[in-house]
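On the provided structure of chain A, position chains B, C and D as indicated by the hints.
Number of protein chains: 4
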Amino acid sequence: MRVGLFGLGKTGRSVARSIMNDDTCTLEWVMRKSAHVSRGSLADEIERSTTGRSRVFSSATTPIEDVLDRFPVDAIIDFSSAESVNYYGDAAARRGVRLVTAISHYPCAEQERLRSLSTETAVLWSPNITVGVNLLILAANLLQMISPHADVEIVEEHFRMKKGVSSTAKIIANSLGITECDVKSLRAGGIVGTHEVIFGFPAQTIRLRHESVSPEAFGEGALFAAHQMEFAAAGLYTMEDLLIPAFIENARKLQPRVLAVNS
Amino acid sequence: MRVGLFGLGKTGRSVARSIMNDDTCTLEWVMRKSAHVSRGSLADEIERSTTGRSRVFSSATTPIEDVLDRFPVDAIIDFSSAESVNYYGDAAARRGVRLVTAISHYPCAEQERLRSLSTETAVLWSPNITVGVNLLILAANLLQMISPHADVEIVEEHFRMKKGVSSTAKIIANSLGITECDVKSLRAGGIVGTHEVIFGFPAQTIRLRHESVSPEAFGEGALFAAHQMEFAAAGLYTMEDLLIPAFIENARKLQPRVLAVNS
Amino acid sequence: MRVGLFGLGKTGRSVARSIMNDDTCTLEWVMRKSAHVSRGSLADEIERSTTGRSRVFSSATTPIEDVLDRFPVDAIIDFSSAESVNYYGDAAARRGVRLVTAISHYPCAEQERLRSLSTETAVLWSPNITVGVNLLILAANLLQMISPHADVEIVEEHFRMKKGVSSTAKIIANSLGITECDVKSLRAGGIVGTHEVIFGFPAQTIRLRHESVSPEAFGEGALFAAHQMEFAAAGLYTMEDLLIPAFIENARKLQPRVLAVNS
Amino acid sequence: MRVGLFGLGKTGRSVARSIMNDDTCTLEWVMRKSAHVSRGSLADEIERSTTGRSRVFSSATTPIEDVLDRFPVDAIIDFSSAESVNYYGDAAARRGVRLVTAISHYPCAEQERLRSLSTETAVLWSPNITVGVNLLILAANLLQMISPHADVEIVEEHFRMKKGVSSTAKIIANSLGITECDVKSLRAGGIVGTHEVIFGFPAQTIRLRHESVSPEAFGEGALFAAHQMEFAAAGLYTMEDLLIPAFIENARKLQPRVLAVNS
Chain A
3 MRVGLFGLGK TGRSVARSIM NDDTCTLEWV MRKSAHVSRG SLADEIERST
53 TGRSRVFSSA TTPIEDVLDR FPVDAIIDFS SAESVNYYGD AAARRGVRLV
103 TAISHYPCAE QERLRSLSTE TAVLWSPNIT VGVNLLILAA NLLQMISPHA
153 DVEIVEEHFR MKKGVSSTAK IIANSLGITE CDVKSLRAGG IVGTHEVIFG
203 FPAQTIRLRH ESVSPEAFGE GALFAAHQME FAAAGLYTME DLLIPAFIEN
253 ARKLQPRVLA VNS
Chain B
3 MRVGLFGLGK TGRSVARSIM NDDTCTLEWV MRKSAHVSRG SLADEIERST
53 TGRSRVFSSA TTPIEDVLDR FPVDAIIDFS SAESVNYYGD AAARRGVRLV
103 TAISHYPCAE QERLRSLSTE TAVLWSPNIT VGVNLLILAA NLLQMISPHA
153 DVEIVEEHFR MKKGVSSTAK IIANSLGITE CDVKSLRAGG IVGTHEVIFG
203 FPAQTIRLRH ESVSPEAFGE GALFAAHQME FAAAGLYTME DLLIPAFIEN
253 ARKLQPRVLA VNS
Chain C
3 MRVGLFGLGK TGRSVARSIM NDDTCTLEWV MRKSAHVSRG SLADEIERST
53 TGRSRVFSSA TTPIEDVLDR FPVDAIIDFS SAESVNYYGD AAARRGVRLV
103 TAISHYPCAE QERLRSLSTE TAVLWSPNIT VGVNLLILAA NLLQMISPHA
153 DVEIVEEHFR MKKGVSSTAK IIANSLGITE CDVKSLRAGG IVGTHEVIFG
203 FPAQTIRLRH ESVSPEAFGE GALFAAHQME FAAAGLYTME DLLIPAFIEN
253 ARKLQPRVLA VNS
Chain D
3 MRVGLFGLGK TGRSVARSIM NDDTCTLEWV MRKSAHVSRG SLADEIERST
53 TGRSRVFSSA TTPIEDVLDR FPVDAIIDFS SAESVNYYGD AAARRGVRLV
103 TAISHYPCAE QERLRSLSTE TAVLWSPNIT VGVNLLILAA NLLQMISPHA
153 DVEIVEEHFR MKKGVSSTAK IIANSLGITE CDVKSLRAGG IVGTHEVIFG
203 FPAQTIRLRH ESVSPEAFGE GALFAAHQME FAAAGLYTME DLLIPAFIEN
253 ARKLQPRVLA VNS
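Those protein sequences? They're chains A, B, C and D, same order as listed. In terms of this note's numbering, the first sequence opens at residue 3 and continues consecutively. In terms of this note's numbering, the second sequence opens at residue 3 and continues consecutively. In terms of this note's numbering, the third sequence opens at residue 3 and continues consecutively. In terms of this note's numbering, the fourth sequence opens at residue 3 and continues consecutively.
Bear in mind the hints are in silico, worked out from the structure with no lab data behind them. Take these hints with a grain of salt, some might be off.
Same chains, same label: a pair holds when it works inside one copy or across any pair of copies.
Here are the computed lysine to aspartate or glutamate pairs in the DMTMM-like style, where the Cα-Cα straight-line distance is at most 20 Å [as the list claims (entries may be wrong)]:
| no. | residue 1 | residue 2 |
| --- | --- | --- |
| 1 | Lys165 | Asp153 |
| 2 | Lys164 | Glu114 |
| 3 | Lys164 | Asp184 |
| 4 | Lys186 | Asp153 |
| 5 | Lys35 | Asp68 |
| 6 | Lys165 | Asp184 |
| 7 | Lys164 | Asp153 |
| 8 | Lys12 | Glu85 |
If we strip away everything but chain A, and leave its shape as in the complex, we get:
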């Protein structure tokens, strides 16, 4: 899979590293705002990377059409900012490039554009793009549906300076019908990020806990999404859209496996 990446901020750099370390894809180019590449920086390193194929362009000086024609990609992964989609959206959709965007918040106009692009190509938009967090959300929702009488509590832990309830915790809370105010947020030192959902029964407790080790989880998630959408029809997808069919398919496979005791 040939990938083009938007964004070379702290997260973007970590995503670039994940893509370069993945055997199943190549990082064709990176698009950043600034045209300036300082020597010794990651941008510089990507430029001179041994694959001889990665390049860093600036959206301020390079027309996207040129880039897509000279260095075609199968997927664009976007960790830049909300307005980038205006720059690459049409050109990419017209070429059937699938889009994976991890932008937290889109203004209404850009949300509208995503919807419009999704009539032409497969578009995935997920504010938290790690596989683990989305598996957690899914498993938590299933447990709640099967055990509607269980009490549910959500705890999230992050580094001291993080303001407000984490976006991920809000998404978890909303999906479980819990108000954001009831999320318990702990702030301490340099904790990268943990989310725990607790199900309380009269005589037992179940805990689902996700711990972030490093921001590379974002790159892993974006690549997972780009791979999963390889044969997807045009449409607007979430991580859950990709994971739920896998849950159902595997639960069906699981059935004969556990029934083995009977035969």
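Showing chains B, C and D alone in chain A's frame:
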């Protein structure tokens, strides 16, 4: 639902309490080995319980046919020992009573009998009958199938005197393709029982943890099973057989819910 | 050690059981409000206990002087209610009986009485009398003093119906200079009780966690206190007063142990 | 405090960053084996750091005497390898420079040298130099001494490729009288490193847990040690030697604080 209970050991007593506390069913009778009921004991208390309907019989002195005819039940819940099924199996199956047995180990002969009984009535056999543990097993198996490259570790914690790896941990391990020897068993003080499955990814960790608060979880699980099987066809069931269809059904319901972002 | 117990409520019964199970002491008598002992109850069981020494009296009908003279004790353990100390205080102090009281809240008058009694005998008053919780408080305070720049968070978990922040969490918070409002309280199912103090450093996290398994921890704590005070001078003590000297003494012992590397 | 650093491996680089970020000290120079500094590397960055004071030297080409004379330091922090102490030891000790070394294993000859150097200057040697882990060890030892009957279990978790029981877990185990074989080691994904000591009582459980967030904890610990030893006499120290007096001193301060209830 009218329930007959086999076994008044430590777990059996706790199950009796759960049934008596549940509004949706009645404890019609308890069957125990010994005929002797000491004053002030739980057996005594059940005998004199305010429902005026519970009775304690001894399998040593009372024919099961008499009990089933005079005090008919919809389900038998068995927390006694492996041989009891020889005593009640045929009489119960002939009357269409569904059977829920939580016996850990059955010799081959009794396993054969369970299979034979399951051609006439619905039989559930599960060595660990708590809902929570079985949800854990199911969720862990699904995660593993979706993330086959994740490392998996299993830790179980129990009170100091518990010998060997817990049966539940063995079941979890086998279902995940892990050898029992790789389970990490901690023994400390009076811990009732916890089981944790850890999924390690390069940049994130997911933990599924089940903590037993009290043995009443067994009663809750047995009643859940007895209720779920109300309209079940004859056959031999595990807890997973009851839970997997609920997983699939709910995952399907979940689909439009998470797709709401698209509409 | 001969012990007299006040209170036969849910916690009191559990404490009674702990004392009866402890080889180093005998339960001489239990004092309760009501004079009525119902057959088959724990009171009945204590009355008929095989030691042939335990008795249940009612404070409504029995003068404490009589009890203390006929059945002398070394320590009184009080899990009843705030006013009991008015009933037994003077008679006990005059006889040099040491007092261990686990009453959560005393009105001013009874607090004053405790202070006055403590001029005659050793009195321990601790709203949370488990050894574990007090070790947690102590260790947390020491960590905070050594690492004053660490962020500190407190989380407590209890069963669904528990109202408000737990008293223990309030004590932990106050001792660490954290306002009670900042304690995160989770309520779920039947969790007996956990308290966790989290120390966040830029590059590491330390968690001190206490989990209650059963209310018998109260009995264990009360007996620990009664034993520790065996040679204590008259005075008003807290659990910390008993534990801190043990900390200091052991830290001193620890010094040559860790220094062994040097010799 | 002026610091000289030995070692620019993965951990060494992280330590260099910690020192440069700390307002209370300056990184005077770094000593590494190789004389070659590649452009854009951290060594390069340190060379050109804005303080204008950091320099990178190679022990292969630069006499240590020259470095110490031209760029004097108060402390040497050593994250390189066992033989380095032969290179810098005498010259540093003669100048009263205090030594902090985090080398895991020293051959007998180098251990002997450390002891000999410690007659001239203060030398700290600790295979795990994070403050948090050493606080954990200390607190765990105190808990065990106060509660000798508690069951103790040790669990450590690390990234998948880590071989054998972690050195830190071995140290914890040895200090608690537990054989290394009884440590439970989990290996999963990219877990940076956690160590948990569990104390099991009949009715309660205490858990002390240390989680590494990033290798910068090593730098923090080395600086803590270098600062603490500012006025230390010549001698061979461990992290515990620095922490135990702080424990005792603070426990003494704590005494009137908790006794406040009495006055």
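These are the hints, each one checked on the structure:
no., hint, result
1, Lys165 x Asp153, "between (27 Å within a copy, 15 Å between copies)"
2, Lys164 x Glu114, "neither (30 Å within a copy, 47 Å between copies)"
3, Lys164 x Asp184, "both (18 Å within a copy, 16 Å between copies)"
4, Lys186 x Asp153, "both (15 Å within a copy, 16 Å between copies)"
5, Lys35 x Asp68, "within (16 Å within a copy, 47 Å between copies)"
6, Lys165 x Asp184, "both (16 Å within a copy, 15 Å between copies)"
7, Lys164 x Asp153, "between (27 Å within a copy, 13 Å between copies)"
8, Lys12 x Glu85, "within (18 Å within a copy, 38 Å between copies)"
The structure shown violates just one earlier hint, number 2.
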